[in-house]
Amino acid sequence: MRLYIHWPFCRSRCSYCDFNSRVATQSLMAAYGETLVKEMKTWASLIRLGGQGLRSIYIGGGTPSCMSGEEVAALIDAASLAFGLDADAEVTVEINPATWEAGDFRHAVSGGVNRLSIGVQSLDDGALRRLSRTHDALEARRAVASALTSGARTVNADLMYALPAGSEDAFLSGLEEMSGMGVHHLSVYALTLESGTPLQRLVEQGTVVLPREEEAARQYLSAVEMLESKGFEHYEISNFCKPGHCCRHNLAYWRREEYLGVGAGAHSLLGGVRFRNQRSVLLYLRLLKAGELPVCGAEAVAEEEAREEMIMLGMRTARGVPERTIGGTREELRDLENCGLLTISGGRVRLTARGMLVSNAVMADILYRRG
Amino acid sequence: MDRSRIRNFCIIAHIDHGKSTLADRFLEITDTVPRQKMAEQYLDRMELERERGITIKAQAVRMQYRAGDGVEYRLNLIDTPGHVDFSYEVSRSLAACEGAILLVDASQGVEAQTVGNAYLAVESGLEIIPVVNKIDLPASDAEGTAMEIADLLGIDPAEVLMVSAKTGEGTEKLLDAVVERVPAPSGEAWMPLRALVFDSTYDSYRGVVAFVRVVEGTVSRGMKIGFMATGVSASVDEVGFFSPDMISCPGLEAGEVGYIITGIKDVTRIRVGDTVTGREAPAAEPLPGYRDPKPMVFAGIYPVDSDAFTDLNDALEKLKLNDAALSFVRENSKALGFGFRCGFLGLLHMEIVQERLEREYGLDLVVTSPNVVYEVEDREGRITHVRNPSDMPDMGTIKEIREPYVRATILVPPDYMGGILELVKERRGIYQDMAYLSGRRVELRCRLPLAEMVIDFYDQLKSRSRGYASLDYEHMGFLPGNLVRLDILINGEPVDAFSVIVERSRAHDYGKRITQRLRELIPRQLFDVPVQAVVGGRVVARETIKARRKDVLAKCYGGDVTRKKKLLQKQKEGKKRMKMVGKVEIPQEAFISALRSGGEDKGK
Ligand SMILES: Nc1nc2c(ncn2[C@@H]2O[C@H](COP(=O)(O)OP(=O)(O)O)[C@@H](O)[C@H]2O)c(=O)[nH]1
Ligand code: SF4
Ligand SMILES: [Mg+2]
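Protein sequence lines, in the order shown, are assigned to chains S and G.
Note that the first sequence covers residues 11 to 381 in the numbering used here.
Note that the second sequence covers residues 159 to 762 in the numbering used here.
Source of the hints: derived by calculation from the structure; they are not laboratory data.
Please read all numbers here as calculations on a predicted model, not as lab measurements.
Beta carbons: idealized from backbone N, C-alpha and C, even for Gly.
Treat the hints loosely; a few may be bogus.
Stated by the list, open to error - Simulated crosslink set (EDC-like; lysine to aspartate or glutamate; CA at most 20 Å straight-line): (1) G:K557 - G:E661; (2) G:K452 - G:E509; (3) G:K730 - S:E319; (4) G:K713 - S:D168; (5) S:K252 - S:D168; (6) G:K724 - S:E318; (7) G:K730 - S:D168; (8) G:K704 - S:E224; (9) G:K478 - G:E516; (10) G:K478 - G:D450; (11) G:K713 - S:E104; (12) G:K583 - G:E601; (13) G:K734 - S:D168; (14) G:K492 - G:D522; (15) G:K331 - G:D314; (16) G:K741 - S:E341; (17) G:K733 - S:E319; (18) G:K476 - G:E516; (19) G:K737 - G:E651; (20) G:K583 - G:D614; (21) G:K734 - S:E314; (22) G:K741 - S:E347; (23) G:K728 - S:E309.
Unchecked claim - To list a few chain G residues with every Cβ distance to chain S over 12 Å, as calculated: (24) P350; (25) R449; (26) K492; (27) Q512; (28) P528; (29) G694.
Just chain S, same shape as in the assembly:
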């Protein structure tokens, strides 16, 4: 089994963000940390892992680096105590560049963290300001450098494209610099405009202008080309790694393997059932205090739905999906292949880079196309 731990707090909110996160006091965060431990213990008493320990832990947020390196180490200890931890387990923590000192990195790594994921987002100070990130490019570089010298096996940097007033050149040179510094993994996300965010209001007012679809697509395709030429594997729509450095925890999601999510709003897939925790931190705290698991929205995934999930998730990865899982007539897939959106070989169907850009539409076409 794999464990996801959600840390739903940030120092301040970014203008584009609609993740489950909020700004909170130290005492609330401390109470939350204790409750996380309690939740893990409760689960540990309910499920048996069949002699195996956790195969990976992923501490995400929010900003888990609001915790100190020692606190993160303590959390990993608690998880390991509750469920056991495989010797070669992958343990990731997300870090915001404006948070950790070199000492935090050291503590986290000696406490078991072997994968560090830095939220660089951009190396253009203007862009960072427009996104109201709390750090500048220099701090981002410093965080990456600290991560690289901390002894962690893998260092990832998140970078965004399709930024307001962000040029393709700036984006590519950011990637280039990260690659030059020696990061093993890059996550490349498009900035998406979520409803209700401050950024969305700015775009509506016309104060901020987002690049057009064509421009965004070009940025992505250039990134794919550049990273592949630098020896990165494009193993998932948004993810690139040097050989042997893929994120096993995230791959498990795409492969529909089981995982338990703890913390407010965390999602789980266990025993063929998808469920999530209450999103509200206060409700989450209250329920666990009363000795109840804060689970809600449990849904057993029916067979056909599971097949759809398999396709939807599997197609995100470079491995693709077996042709027989997709079913249907070959002609439909051929049409998409002729459009240069996917390839069919060795009995597997895979998206091309261009296909990945329109993966929603391709997926809908594969699953629901009518003659």
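Since chain S is already given, all that's left is putting chain G with the ligands on it; use the hints.
Below, chain G with the ligands without anything else, positioned relative to chain S:
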């Protein structure tokens, strides 16, 4: 009643010139409707008509009037429709009268349709009583209007009566003039029955109510009758007249006007213009002038929601019950699914039908832009009529396409003449001649392809003359045109609903407009989609809907797949509402907006 004391007459007036108001005054003067009971405009019954100010169905009212000479007369006022779409109905109403009041608004002057109908009345041998109305209005020009009427009819301006239908001034004198000048009907009660059906309406309990003018003979309750044009037989369940309510009576004699009810439920069996005769002693000849209702304008009518097809079918059936001129056949469109190709007398008729379907039956409709009927002669000399552009045979097999033309009369102040001539030219009109009407107005005569009129000719006419121009037209048959069929292809597949017949020289402009419109409306696909306008295999306009390059790729975070699943679910739902044209998915709404806006700017 003594035939010499009967007067049958109608009022010819342009819309809003005061016909209904004048009729109300007559009903009051004759005590047919007591003053206190007078709801405004008693004769206008249908709600729609009241709102639009259009008289769709004529009715007849019997009034008793003691004239200035002290003698009691029976006056039958027959209402006539006011719009050219219904000119055949107008002609039948006129045929039921011996006289007509020509009513002209003193603040507006003579309008083209009034001229048309006045000439129609003169040709039918009716006594014309020219009247200027609204003389109470400060802005009116009674003298000038009288001059215009005098010019029109070739009479002395002094012969024109002056009234205010609103205040009642001059209206009693006008009724006296009707009595004096309109001849009594001829025709004998003992002759074989010949009665003209000049209108009909439908009552859901009693079936068709036919309005008749008995020309010769007598029609009475229980009598066996026949309709000479349709060959339908029936027996008379009820005979009567309106005064103003339905009053039944034993019979109607030569010269009288009233209604008959036979129990026939199907309006297509009792047609305006048909002659009623007796089964026992039938007349040798029907009355002259009958014509089959001939739809000239066609359009596809489709339900927006394809589930509503049966409702639309039912609604059309019901409308047809009291609208014999409406025709419809089922058709299947690639873009719009199942619907009907409907035939109308004209554009107004089409609008009325559409509005009634939407309002009375609550249907949400897509109406394709209207087209006319084409006469097509193939190389072997065979002639067919094409009512739907997508039925037009391959251009290679065609020798000639002919289209319906109208003879149009336009009245316009001299200042706007230039603009109107230009419009006529733009619309492929052939100028004939012009004449000045008392110096204030030019009467312009021309021929126009009906196809050019069914789009927005009338609106253009009004806007280019600041509302002063008026129009009248009559059908004049088919003339050859340099016409081609233009098809719209989406990714190589023709989409029937957008096929049109256009003049060759305009194919490019039209094609460009429609392809641009579709490019804007059709969502991007996973591949480039060409949208082409094609004439006889040749592309005359082309647009490309560029392939979609990028979806919204929200971060799939912490194993939360619910968003992705929701998005997929939404796409699944969306796909259900898509129409497939070959491999292209097009939301129904895109077709609808393209069709709805397609006609608007076609003429510009
Ligand atoms: N001032 C004035 N208004 C009139 C007169 N006759 C009719 N109207 C008005 O003109 C408008 C149109 O009259 P209506 O009888 O409905 O015209 P129709 O369309 O010919 O039946 C209405 O607002 C009437 O009140 C009149 O003699 N004087
Ligand atoms: S750091 Fe991440 S989770 Fe926090 S506000 Fe910014 S984008 Fe949202
Ligand atoms: Mg009226």
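Hint-by-hint comparison with the structure:
As the CA atoms of K557 of chain G and E661 of chain G are separated by approximately 16 Å, the hinted pair is consistent with the 20 Å bound. A threshold of 20 Å between alpha carbons decides the hint, and for K452 of chain G with E509 of chain G the separation of about 17 Å falls inside it, so the pair holds. Taking the CA atoms of K730 of chain G and E319 of chain S, the gap is about 14 Å. The hint holds against a cut of 20 Å. Restraint check for K713 of chain G and D168 of chain S: the C-alpha separation of about 11 Å stays at or below 20 Å, so the hint holds.
With a CA separation close to 15 Å, the supplied pair K252 of chain S and D168 of chain S stays within the 20 Å bound. Only pairs whose Cα atoms come within 20 Å are accepted, and K724 of chain G paired with E318 of chain S is accepted, the gap being roughly 12 Å. A threshold of 20 Å between alpha carbons decides the hint, and for K730 of chain G with D168 of chain S the separation of about 32 Å lies outside it, so the pair is violated. Our distance criterion of 20 Å between C-alpha atoms is met by K704 of chain G and E224 of chain S, whose separation comes to about 10 Å.
Of the pairs offered as hints, the one joining K478 of chain G and E516 of chain G holds, with about 15 Å between alpha carbons and a cut-off of 20 Å not exceeded. With a C-alpha separation of about 15 Å, the suggested pair K478 of chain G and D450 of chain G falls inside the 20 Å cut-off, and the hint holds. Taking the CA atoms of K713 of chain G and E104 of chain S, the gap is about 15 Å. The hint holds against a cut of 20 Å. Taken as a hint, the K583 of chain G and E601 of chain G pair is honoured in the structure, with Cα atoms around 16 Å apart against an allowance of 20 Å.
Taking the CA atoms of K734 of chain G and D168 of chain S, the gap is about 38 Å. The hint is violated against a cut of 20 Å. A threshold of 20 Å between alpha carbons decides the hint, and for K492 of chain G with D522 of chain G the separation of about 19 Å falls inside it, so the pair holds. For the given pair, K331 of chain G sits about 19 Å from D314 of chain G by alpha-carbon distance, which is consistent with the 20 Å threshold. A hinted pair counts as satisfied when its Cα atoms are at most 20 Å apart, and K741 of chain G with E341 of chain S qualifies at roughly 12 Å.
Between K733 of chain G and E319 of chain S the alpha-carbon distance is near 19 Å, which keeps this suggested pair within the 20 Å criterion. Taken as a hint, the K476 of chain G and E516 of chain G pair is honoured in the structure, with Cα atoms around 13 Å apart against an allowance of 20 Å. Proposed proximity of K737 of chain G and E651 of chain G is supported: the alpha carbons are some 13 Å apart, at most 20 Å. Proximity of K583 of chain G to D614 of chain G is assessed by CA-CA distance (about 15 Å); at most 20 Å being required, the pair is judged to hold.
With a C-alpha separation of about 19 Å, the suggested pairing of K734 of chain G with E314 of chain S holds against the 20 Å cut-off. Under the criterion of a C-alpha separation no larger than 20 Å, the hint pairing K741 of chain G with E347 of chain S is consistent with the structure, at around 14 Å. Pair hint K728 of chain G plus E309 of chain S holds up; C-alpha atoms about 19 Å apart against a cutoff of 20 Å. Against chain S, the non-interface label of P350 of chain G holds: every CB pair exceeds 12 Å, the least being about 67 Å.
The claim that R449 of chain G lies off the interface holds: its Cβ sits roughly 49 Å from the closest Cβ of chain S, which is beyond the 12 Å cut-off. The beta carbon of K492 of chain G is kept farther than 12 Å from every beta carbon of chain S, the shortest such distance being approximately 14 Å. Every C-beta of chain S lies more than 12 Å from that of Q512 of chain G, the closest at about 31 Å, which supports listing it as non-interface. A cut-off of 12 Å between C-beta atoms confirms that P528 of chain G is not in contact with chain S; the least separation is 32 Å.
For G694 of chain G, the requirement that its beta carbon stay farther than 12 Å from each beta carbon of chain S is met, with the minimum near 30 Å.
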